[in-house]
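K.L.:
The numbering used here puts the last residue of the sequence shown at 286; the count rises by one with no breaks.
Watch out, some of these pointers could steer you wrong.
As the list claims (entries may be wrong) - Computed cross-link-like contacts, DSS-like style, restricted to lysine-lysine with a CA-CA straight-line distance of at most 30 Å:
1. Lys210 - Lys86
2. Lys282 - Lys210
3. Lys282 - Lys129
4. Lys129 - Lys86
Unchecked claim - Cβ-Cβ distance ranges computed for the label pairs, FRET-style:
5. Phe108 - Pro283: 40 to 46 Å
6. Asp97 - Leu249: 42 to 48 Å
7. Ala207 - Asp119: 46 to 52 Å
Please keep in mind that the hints were generated in silico from the structure rather than gathered at the bench.
Note that beta-carbon positions come from the ideal geometry of N, C-alpha and C, so glycine has one too.
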Amino acid sequence: MYFVIMGCGRVGSTLALSLEKHGHEVAVIDRDESAFRRLGPSFEGRRVTGVGFDRETLIQAGIKDAYAFAAVSSGDNSNILSARVARETFDVEHVVARIYDPGRAEIYERLGIPTVATVRWTSDQVLRKLLPQGALPLHTDASGKVMLAEIPPHPSWVGSPLTRIEESTGGRVAYLTRLGDGMLPGADTVFQEGDLLHLMLPTDRAADIEDLLTAPKPVDD
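Whole structure, please, built from the sequences with the hints as guidance.
P.N.:
What follows is the structure, given as structure tokens:
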């Protein structure tokens, strides 16, 4: 898959190298050309000098072909503006923005832009929001037979009781993230638009369950 990253600081460069290591193609945008030195000589992706909310810069970086976009520069405003341009102008479905002010996170979540605050920032957290969920589980037990995965269900599942999702998948909903806040589901909790679903599931069925939930809900379900 193809990824575009804005910001080639410590997090951006680490993220770019991690994605390339996973076999993906990557383009990195930074207004300071010297920042690309962090990528090292072995990086094979694109290096684009410019600002991430400039449409021509994004086009040069290949945004039209991007599976996902990450805005991880040092500025909140630049990050959220870039993420919104990627989402709203170029229809990139998977976006994430780095946020220094955690108080803004809920506002951005309401805009449909997943965020990660610097106080709990790691490049692994960005990968989990960008890659297909089966690629990077949140947790796997010592035996390797059970895993916790963050899965964004297809919009057609909105309105479904979590109990129905559990029946359909054979997994168990551990918790939800709703508008940036974690919550334990009750017996009558219904999946809402924008919810992130955190499922405990058998490792050997992870791919099948992910395929089921990210596809349109079966009409007979």
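K.L.:
Taking each numbered hint in turn, which are not upheld by the structure, reported in ascending numerical order?
P.N.:
As far as the earlier hints go, not one is violated by this structure.
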